[in-house]
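Trainee: Chain residues, written in single-letter form:
Protein chains: 2
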Amino acid sequence: MIPLLVTVGEPAGIGPDCILRLFTDDPASLSGCIIAAPATWLNERATAIGLPTTACEHPDLASTPTCDVGLQCWNPLSDSTASGPITLGRPAAATADAVVACIREAAHACISGGAAGMVTGPIEKAILKNSGFAFPGHTEYLAHLANNSDFVMMLASDTLRVALLTTHLAIGDVPSALSTQATLRCLEITARDLQRRFGIASPNIGLCALNPHAGEQGHFGDEESCILAPAAEAARKNGIWVTDPLPADTMFSAPVRNQFDAVVCCYHDQALIPIKALSFGEAVNITLGLPFIRTSVDHGTALNRAGTEKVSYSSLKAAISMARDMRRHPGKADTRQTSI
Amino acid sequence: MIPLLVTVGEPAGIGPDCILRLFTDDPASLSGCIIAAPATWLNERATAIGLPTTACEHPDLASTPTCDVGLQCWNPLSDSTASGPITLGRPAAATADAVVACIREAAHACISGGAAGMVTGPIEKAILKNSGFAFPGHTEYLAHLANNSDFVMMLASDTLRVALLTTHLAIGDVPSALSTQATLRCLEITARDLQRRFGIASPNIGLCALNPHAGEQGHFGDEESCILAPAAEAARKNGIWVTDPLPADTMFSAPVRNQFDAVVCCYHDQALIPIKALSFGEAVNITLGLPFIRTSVDHGTALNRAGTEKVSYSSLKAAISMARDMRRHPGKADTRQTSI
Chain A
1 MIPLLVTVGE PAGIGPDCIL RLFTDDPASL SGCIIAAPAT WLNERATAIG
51 LPTTACEHPD LASTPTCDVG LQCWNPLSDS TASGPITLGR PAAATADAVV
101 ACIREAAHAC ISGGAAGMVT GPIEKAILKN SGFAFPGHTE YLAHLANNSD
151 FVMMLASDTL RVALLTTHLA IGDVPSALST QATLRCLEIT ARDLQRRFGI
201 ASPNIGLCAL NPHAGEQGHF GDEESCILAP AAEAARKNGI WVTDPLPADT
251 MFSAPVRNQF DAVVCCYHDQ ALIPIKALSF GEAVNITLGL PFIRTSVDHG
301 TALNRAGTEK VSYSSLKAAI SMARDMRRHP GKADTRQTSI
Chain B
1 MIPLLVTVGE PAGIGPDCIL RLFTDDPASL SGCIIAAPAT WLNERATAIG
51 LPTTACEHPD LASTPTCDVG LQCWNPLSDS TASGPITLGR PAAATADAVV
101 ACIREAAHAC ISGGAAGMVT GPIEKAILKN SGFAFPGHTE YLAHLANNSD
151 FVMMLASDTL RVALLTTHLA IGDVPSALST QATLRCLEIT ARDLQRRFGI
201 ASPNIGLCAL NPHAGEQGHF GDEESCILAP AAEAARKNGI WVTDPLPADT
251 MFSAPVRNQF DAVVCCYHDQ ALIPIKALSF GEAVNITLGL PFIRTSVDHG
301 TALNRAGTEK VSYSSLKAAI SMARDMRRHP GKADTRQTSI
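So the protein lines, in turn, are chains A and B. All residue numbers for the first sequence refer to my numbering, where the first residue is 1 and numbers rise by one. All residue numbers for the second sequence refer to my numbering, where the first residue is 1 and numbers rise by one.
Worth flagging that the hints you see were computed from the coordinates, not collected in a lab. Hints should not be assumed to be uniformly reliable.
[To be verified] Partial list, derived from the structure: chain B residues whose beta carbon lies under 10 Å from chain A:
1) Leu-30
2) Val-69
3) Ile-127
4) Gly-172
5) Pro-212
6) His-213
7) Pro-247
8) Ala-271
Idealized CB from N, CA, C, for every residue including glycine.
Take these sequences, add in the hints, and give me the full structure.
Mentor: Structure representation (structure tokens):
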């Protein structure tokens, strides 16, 4: 079976800790996974935190594992991106190219079919930007590598799935960032990936209004009638089951949210407030619309905890588990919705 | 003991149903309460829905009850505001003045000390506006009657209390509606009422950022540093324990929200999404800053359910229970915070 790849992210942060501690406590949760990183990143951290784990490197993804019991790594770095030394909690410009190369080569492996998908560890965006990385984050970079301009950020837990129309914007910039076309595209991608990645034949999607009380018939805001409702109408004509824009405050109450396979939200906090309120530490970040599976931890590099015992791998474990669940599905859209 | 007053709200809506069904199922939950309405509003509905309840009218609030077992009412209507006929589910202009008069006289009774507080049923705002009622809702009207320009909308459940800096505004209008002065005043009112109404000697208050990730050091929005943080700083100088603006998505996760006695939110859905996600049907609407206790049901008039069996009194019961809890406290601020 082709593997799932796990990227370490920033090697000076808690990424290596999470992988090592998860492997030590629950090695089965990493079965079928290969860490896309130099084995030295893991082995040096294991020594630093006193874990017996030994990581070993595959020469390439398709080869037979070189070790039976160790943590399996694949080093995607060429000589030109060889990593500099790593100091706990101190991201270095010297390793920035290597961090990006690991992500890039993992994505290429997914695109070429050498890997089934990738689970990404947390990166330190500031140090990557200073080294010339021109993307706001993983999601945009992966979409770029896949030559894919349309993608959707989703967070999912056992309780709730939320998809976002906009992500990292000032709240005052959200209204002008919404459009009927982009909303329709988000609805299409969400519906299609609920089918092909989650195996839901006929997804039910809730659409959140932007304004309180859905604008109360235009009394405070008209984005509902001008932008969102036309997108919902167009999506329904394309065979997608989606509501008109509904008030966001009741959308996430149990009786309403339980009616939907996913809720499409207008802005970051509209989506992340309810999922973190209901499923803190269990939500997985998923990029929909890519030609491969991608999940992510929902935390940062936590530099001040790198190499300490104050590291939780629950998010990594959930992200791997979600990616594994997603690969069980056939990867084909329901033919009922041929227009998507 | 002076009573709590309960207003029916729109008599053609579910307000009377909620009171009658609650009284029938659990009369003790209305002990110490008097309904500020003509007894006929209740008795006619009781007949319509086949309940044996008999409402009887006190001539005035201070008098001995005229009935031992019936639902106790006090009719605040003078002849000039006598109510017209009531048709189930059909709010009428002829009763609009009476609806407003019941609220006004209940508030006057609270202000004069004849009642301990009021629990308000749902009104039909459109019909009141058409009849000249010039307020967005109960809250603003009660503040006007109390000659009180400063008030704060709070929603509270056993899990969470949220207070709002802005209420019914288009999301695009929220940033310009925020100010340091109003934020400080909201923090002061919230802190004071947590003391005098909830008996929390030294309240801990969380302050939500407006923008995602609290603006990420100004990358998307600067209201955190320009407006909110200065208000928090000023409040702390006045002895109020409040955080700097924190990212709203993690604010409502269990480990964070549990640190606070209340969370002050920048806009309607930032507050109402988490409380309805976590405490649907249990949250009570409270107006802070008034010289008396005021709680409210969290639902509307549900005109199409008036007189049917599809009426839940859980919100009314919670609102009365909350008002009763609030009156247990001495009503005096902690002298430690003399500057409030």
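Trainee: The structure should be examined with respect to each hint, and the outcome stated for every one.
Mentor: Taking the hints in turn, this is what the structure says about them:
no.	hint	in the structure
1	Leu-30	27 Å, violated
2	Val-69	36 Å, violated
3	Ile-127	15 Å, violated
4	Gly-172	4 Å, holds
5	Pro-212	4 Å, holds
6	His-213	7 Å, holds
7	Pro-247	8 Å, holds
8	Ala-271	8 Å, holds
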